[in-house]
Structures are given as C-alpha cells and as structure tokens.
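Undergrad: Sequence:
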Amino acid sequence: MCNKDIREYAKNHSVKLWQIANKLHINDGNFSRKLRTELPEDKKAEIFKIIDELAAE
1080 MCNKDIREYA KNHSVKLWQI ANKLHINDGN FSRKLRTELP EDKKAEIFKI IDELAAE
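Quick note: the working numbering has the sequence shown finishing at residue 1136, numbered continuously throughout.
Don't read these hints as lab results, they were simulated from the structure. Since no wrong hints were added, every one of them can be taken at face value.
Derived pair list, reagent style DSS-like, types lysine-lysine, alpha-carbon separation capped at 25 Å:
#: 1; residue 1: K1122; residue 2: K1102
#: 2; residue 1: K1123; residue 2: K1090
#: 3; residue 1: K1113; residue 2: K1123
#: 4; residue 1: K1083; residue 2: K1113
#: 5; residue 1: K1090; residue 2: K1122
#: 6; residue 1: K1083; residue 2: K1123
Start from the sequences, fold in the hints, and give me the full structure.
TA: As structure tokens, this is what we get:
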C-alpha cells in the first residue's frame, strides 16, 4: 500500500483523511486518489504537519 506511513500516522493521531483533505482545500475523494501513488517527501512533510495541527485541536 502506498503512503502507508501517512495513513498510520493519521490513524494514530485520530485524524481522518477527509480532515486532511479539508486543510489542503481538496475533495476527500481526490485526496484518496493522490494517496494511491507514493507522494514526494516534501508533500509528505506538509501532510504530517497538517496531521499534527489537527491532532492538537
């Protein structure tokens, strides 16, 4: 599975993928499609930061 690290990190922080999509200002379906292929490290870093922000709320 691609981007397993993002999926597990979000799950461990009780953050749903649709919440990440909202922060990225994209449709949750589009975000799920993006996760089908491995993302570049800079995009992953941005998503991890969003997960941390959402978990802190």
